[in-house]
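Line by line, the protein sequences give chains C and E.
Numbering follows our numbering, with no gaps: position 441 of the first sequence is 441.
Numbering follows our numbering, with no gaps: position 496 of the second sequence is 496.
No wet-lab data here; the hints were simulated from the structure.
Warning: the hint list may mix true and false statements.
Pairs involving identical chains hold if they fit within one copy or between any two copies, as the list cannot separate such chains.
[As the list claims (entries may be wrong)] Lysine to any residue pairs mimicking SDA-like chemistry, simulated, CA-CA at most 25 angstroms apart: (1) Lys199 - Arg160; (2) Lys138 - Lys376; (3) Lys293 - His479; (4) Lys349 - Thr110; (5) Lys199 - Ala158; (6) Lys108 - Asp394; (7) Lys192 - Ile204; (8) Lys349 - Asp194.
There are 2 protein chains.
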Amino acid sequence: MQDGPLTLRRRDLLSLIGAVAGSAAMYQAMTALGFAAESRYRGPIRLEGDPRGISVLVLGAGLAGMTAALELRKAGYSVQILEFNDRAGGRNWSLRGGDSFVELGGFKQTCDFADGLYLNPGPWRIPYHHRALLDYCKRLNVALEPFIQLNHNAYLHASRAFGGMPQRIRAVKADFQGEISELLAKATSQGKLDETLSKQDQEILLQALRSWGALDGDYRYSAGLISSGYRGYAKPPGGGLAAVPLPSNPVGLSDILNSGLWRYLRNFAEYNFQTTMFQPVGGMDMIGKAFAKEVGDLIHYNAKVTEILQDDRGVTVTYSDAKNSKSTLQASADWCVCTIPLSILSQLKINVGAAKKAAIDAVPYAGAVKIGLQFKRRFWEEDDAIYGGISYTDLPIRQIGYPNSGYNRTGRAVLLGAYLFDGANAYEFTAMPPDERVAGAVEFGAAIHPQYRREFENGIAVAWHRVPFTLGCSGDWTHEARAQHYDNLCRIDGRIVLAGEHASALPAWQEGAILSSLDAITRLHERVMKT
Amino acid sequence: MQDGPLTLRRRDLLSLIGAVAGSAAMYQAMTALGFAAESRYRGPIRLEGDPRGISVLVLGAGLAGMTAALELRKAGYSVQILEFNDRAGGRNWSLRGGDSFVELGGFKQTCDFADGLYLNPGPWRIPYHHRALLDYCKRLNVALEPFIQLNHNAYLHASRAFGGMPQRIRAVKADFQGEISELLAKATSQGKLDETLSKQDQEILLQALRSWGALDGDYRYSAGLISSGYRGYAKPPGGGLAAVPLPSNPVGLSDILNSGLWRYLRNFAEYNFQTTMFQPVGGMDMIGKAFAKEVGDLIHYNAKVTEILQDDRGVTVTYSDAKNSKSTLQASADWCVCTIPLSILSQLKINVGAAKKAAIDAVPYAGAVKIGLQFKRRFWEEDDAIYGGISYTDLPIRQIGYPNSGYNRTGRAVLLGAYLFDGANAYEFTAMPPDERVAGAVEFGAAIHPQYRREFENGIAVAWHRVPFTLGCSGDWTHEARAQHYDNLCRIDGRIVLAGEHASALPAWQEGAILSSLDAITRLHERVMKT
Numbered sequence: 001m002q003d004g005p006l007t008l009r010r011r012d013l014l015s016l017i018g019a020v021a022g023s024a025a026m027y028q029a030m031t032a033l034g035f036a037a038e039s040r041y042r043g044p045i046r047l048e049g050d051p052r053g054i055s056v057l058v059l060g061a062g063l064a065g066m067t068a069a070l071e072l073r074k075a076g077y078s079v080q081i082l083e084f085n086d087r088a089g090g091r092n093w094s095l096r097g098g099d100s101f102v103e104l105g106g107f108k109q110t111c112d113f114a115d116g117l118y119l120n121p122g123p124w125r126i127p128y129h130h131r132a133l134l135d136y137c138k139r140l141n142v143a144l145e146p147f148i149q150l151n152h153n154a155y156l157h158a159s160r161a162f163g164g165m166p167q168r169i170r171a172v173k174a175d176f177q178g179e180i181s182e183l184l185a186k187a188t189s190q191g192k193l194d195e196t197l198s199k200q201d202q203e204i205l206l207q208a209l210r211s212w213g214a215l216d217g218d219y220r221y222s223a224g225l226i227s228s229g230y231r232g233y234a235k236p237p238g239g240g241l242a243a244v245p246l247p248s249n250p251v252g253l254s255d256i257l258n259s260g261l262w263r264y265l266r267n268f269a270e271y272n273f274q275t276t277m278f279q280p281v282g283g284m285d286m287i288g289k290a291f292a293k294e295v296g297d298l299i300h301y302n303a304k305v306t307e308i309l310q311d312d313r314g315v316t317v318t319y320s321d322a323k324n325s326k327s328t329l330q331a332s333a334d335w336c337v338c339t340i341p342l343s344i345l346s347q348l349k350i351n352v353g354a355a356k357k358a359a360i361d362a363v364p365y366a367g368a369v370k371i372g373l374q375f376k377r378r379f380w381e382e383d384d385a386i387y388g389g390i391s392y393t394d395l396p397i398r399q400i401g402y403p404n405s406g407y408n409r410t411g412r413a414v415l416l417g418a419y420l421f422d423g424a425n426a427y428e429f430t431a432m433p434p435d436e437r438v439a440g441a442v443e444f445g446a447a448i449h450p451q452y453r454r455e456f457e458n459g460i461a462v463a464w465h466r467v468p469f470t471l472g473c474s475g476d477w478t479h480e481a482r483a484q485h486y487d488n489l490c491r492i493d494g495r496i497v498l499a500g501e502h503a504s505a506l507p508a509w510q511e512g513a514i515l516s517s518l519d520a521i522t523r524l525h526e527r528v529m530k531t
Numbered sequence: 001m002q003d004g005p006l007t008l009r010r011r012d013l014l015s016l017i018g019a020v021a022g023s024a025a026m027y028q029a030m031t032a033l034g035f036a037a038e039s040r041y042r043g044p045i046r047l048e049g050d051p052r053g054i055s056v057l058v059l060g061a062g063l064a065g066m067t068a069a070l071e072l073r074k075a076g077y078s079v080q081i082l083e084f085n086d087r088a089g090g091r092n093w094s095l096r097g098g099d100s101f102v103e104l105g106g107f108k109q110t111c112d113f114a115d116g117l118y119l120n121p122g123p124w125r126i127p128y129h130h131r132a133l134l135d136y137c138k139r140l141n142v143a144l145e146p147f148i149q150l151n152h153n154a155y156l157h158a159s160r161a162f163g164g165m166p167q168r169i170r171a172v173k174a175d176f177q178g179e180i181s182e183l184l185a186k187a188t189s190q191g192k193l194d195e196t197l198s199k200q201d202q203e204i205l206l207q208a209l210r211s212w213g214a215l216d217g218d219y220r221y222s223a224g225l226i227s228s229g230y231r232g233y234a235k236p237p238g239g240g241l242a243a244v245p246l247p248s249n250p251v252g253l254s255d256i257l258n259s260g261l262w263r264y265l266r267n268f269a270e271y272n273f274q275t276t277m278f279q280p281v282g283g284m285d286m287i288g289k290a291f292a293k294e295v296g297d298l299i300h301y302n303a304k305v306t307e308i309l310q311d312d313r314g315v316t317v318t319y320s321d322a323k324n325s326k327s328t329l330q331a332s333a334d335w336c337v338c339t340i341p342l343s344i345l346s347q348l349k350i351n352v353g354a355a356k357k358a359a360i361d362a363v364p365y366a367g368a369v370k371i372g373l374q375f376k377r378r379f380w381e382e383d384d385a386i387y388g389g390i391s392y393t394d395l396p397i398r399q400i401g402y403p404n405s406g407y408n409r410t411g412r413a414v415l416l417g418a419y420l421f422d423g424a425n426a427y428e429f430t431a432m433p434p435d436e437r438v439a440g441a442v443e444f445g446a447a448i449h450p451q452y453r454r455e456f457e458n459g460i461a462v463a464w465h466r467v468p469f470t471l472g473c474s475g476d477w478t479h480e481a482r483a484q485h486y487d488n489l490c491r492i493d494g495r496i497v498l499a500g501e502h503a504s505a506l507p508a509w510q511e512g513a514i515l516s517s518l519d520a521i522t523r524l525h526e527r528v529m530k531t
């Protein structure tokens, strides 16, 4: 046997690792080799064979339902969709001036936003790694623009810290990083890491901490131009005479720790919220509309499903016209892809096995509230130099999301004035009439932007627990429920398969809905081809 | 005297601090109070009085020159501009298909980019805190879109680390943060911070390190779903059956330290590169063009200045037609705003005082090289899920900048294939003929993106030391030169004042050019109004 260097192509190496050590090791080796295969999505689905004459009834024209309909029709199936709303998209939804909707309890809101402005009450951002959704956007010509998750100049706000004054994210981030770097540099210099790191690594660590933590020549995070080069200046560099910058003063570590503002920093680092994120140009519902352009001819709108019955020959669904509840209609097909949210489905009559029924009943729905506020001008840009992104607060509104489009323009704009999820705050706002929710968002928001009081024009508030077509914003799985019920929820039961974000490991994300749908129809198609 | 609570408006408090403790303390208090005043720019300049009949000759139609011309004419001055190029904008420049230019040494390049594609060979990004530039963009209707500086999914690459395989920024960032968090958590738990932090603060610090560093329940940064939630998964969560994610394996701290990849992390944190950054929609030169729409009627193009002479009555500038070097023309005015780069100005005859002349001669110019490459498709998006942002490498090309527009589209695209600045690499590439520079960028880039070899179509390379109108990309001040010469450079000398990025504390930034210009014309106007 020769003893020369072994030359392997990366793919061969990975196959070898897969064969020897199993798929987990192979996937991990792929990551380590920088091999870009970190998605579940393997490109457009291929459903091979000839299912002509076989029919599928899809329940729900959200992204899961429309994905199923689009791909099943393309594969040769005869498809129809029943949809509760008078529009496609489901939670993929944008509200614009003139739109109105009625929530559970009877409150009707009409949106008064000016032309071109909108609120995405449901999903509002798309991570770069949501490959299936991005591929559908490409195939369906949905234009994308960046969604700013981290804006260094937006605010972090704790009601009982810093005299209630909001702090710039850049300052909190730089000070926290700088001060823990100083602590670790000190421990290193004092020999306290000698058991953990070699002397040589300690020396590099000191350089790294200095570079990354903005430490000075003595490895201290101190007031001066070095730290100001990260956290911002009291007076930044200028032009001409008197251009010299003035440094700002870092906040002490103890103040940051006790303020709790460090809690928000993870929102800028987590995989789900990393750059580059996207939003569709013009509103999230551009995606739903693009799907509807493809499959709109298959959709029966205003169809309120009341019963889903199957036998060994097919599925029959009873529904009424949502605008005329006394009507009783039926639709039948050989198979059914049901994307109805579990919050609704659990209340319908459906003859599935006990395990499936238990799974359908096992998932409570989260109750987010989103409130859009229109202002006379972009004061957050003009006065505060905040362009897009999110400010976080411990006030009930939790977040203020600035518009990620139309930057630097004059005139009116809409921001997300509150994004409450779970917990007492969301319930409390859900219980209020919509106008009180809007007034509350303005009142709380004014603690961060006093300009609210002068510039506010109108608002709209979507409390997802009161939205008739979902009764909640997304499936709220516990670990225990998932362990016990998830597979049962996803398995094909007779002639029925479920899909939607609730049938995914990506709850609340549109990618979860699409991947779930692709998985469901792949298995359904296999079953059909076998029978 | 009453002893009740003192109620002060913030502005009053700041005035008080300013009066008692001086302006530095006041500015620092402003920052601490979250008061948004962190810019030199105070809104549109107001030059009051009536200078009608008084003339100003502006040299150079870059941003500094055109700002001066726009504002001086508005104030009532009679203004003309001499510009060396046959276009306005100067270093505010974009290259598109059909454009050509000749560099020093005679090499002529013609750009072959497809319609709608461009390279910004000069400035390419605008920080949110460049308030003057942003205000001119607003006033001149220049549409902006985000420039992605940090893309977590772009690469960091060290030739001699990780077998030469590029690493995802997200993985390096998460692993570095996680591992230093683990080190500091360990030191804390072992009582090694007892002298520095109270026990209560130590407890909060542990929580903060766990949250921010993605530590597990034992305060360790370990392979698992927690760290994968930051660094990315080997196999991410999916939909339907078999949706469970597989964790990825962190890289050890010693490997990261020795790779040197930590050096790049500061590029995502520094004040100058923080979110939200911008670029003009359609190319950086949209700004220059918008200025030229305002002041284009004042510009004499192709005017190569050879001599600037002043006496106590005015300034006379001798120039030739750049397309006919034997011509000799003259322009005169009462005052002169000279924005000619010092690299050029130092070679011209100009009768200013010795201190000013010494200042003009004191500043060498940096020699950046930028190379634009057109590819058949956006393989970085399609294959690598990299949308915008920058990959960094220790190879001579230093950076690969992905286009921050047209995301997710099919068809051709242009990326920045090299951005070399200073040092041997830039000189080496500057010395090559343009086609070799392009070939070199393709060769080196293929180490990061092997797709280069199949997808490359054409390229263009701008070596700033060879660009006739600047002979370098920007003034490269040393601390010593600045201490000795900067004020002399900026002071009005007789009837001449200098402006441009070289006369600012923001070298190489367009904001420096504009702020410098506004400062120069403010002082010039004061002088005029006094005489």
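Comparing the hints with the structure gives:
1. Lys199 - Arg160: Answer is between; shortest inter-copy Cα gap is 21 angstroms, intra-copy 43 angstroms.
2. Lys138 - Lys376: between (35 angstroms within a copy, 17 angstroms between copies)
3. Lys293 - His479: neither (38 angstroms within a copy, 62 angstroms between copies)
4. Lys349 - Thr110: Neither way: lysine 349 and threonine 110 sit 33 angstroms apart in one copy and 70 angstroms across, limit 25 angstroms.
5. Lys199 - Ala158: between (41 angstroms within a copy, 22 angstroms between copies)
6. Lys108 - Asp394: Neither. Shortest intra-copy (29 angstroms) and inter-copy (60 angstroms) distances fail the 25 angstroms Cα cut-off.
7. Lys192 - Ile204: both (16 angstroms within a copy, 21 angstroms between copies)
8. Lys349 - Asp194: neither (67 angstroms within a copy, 63 angstroms between copies)
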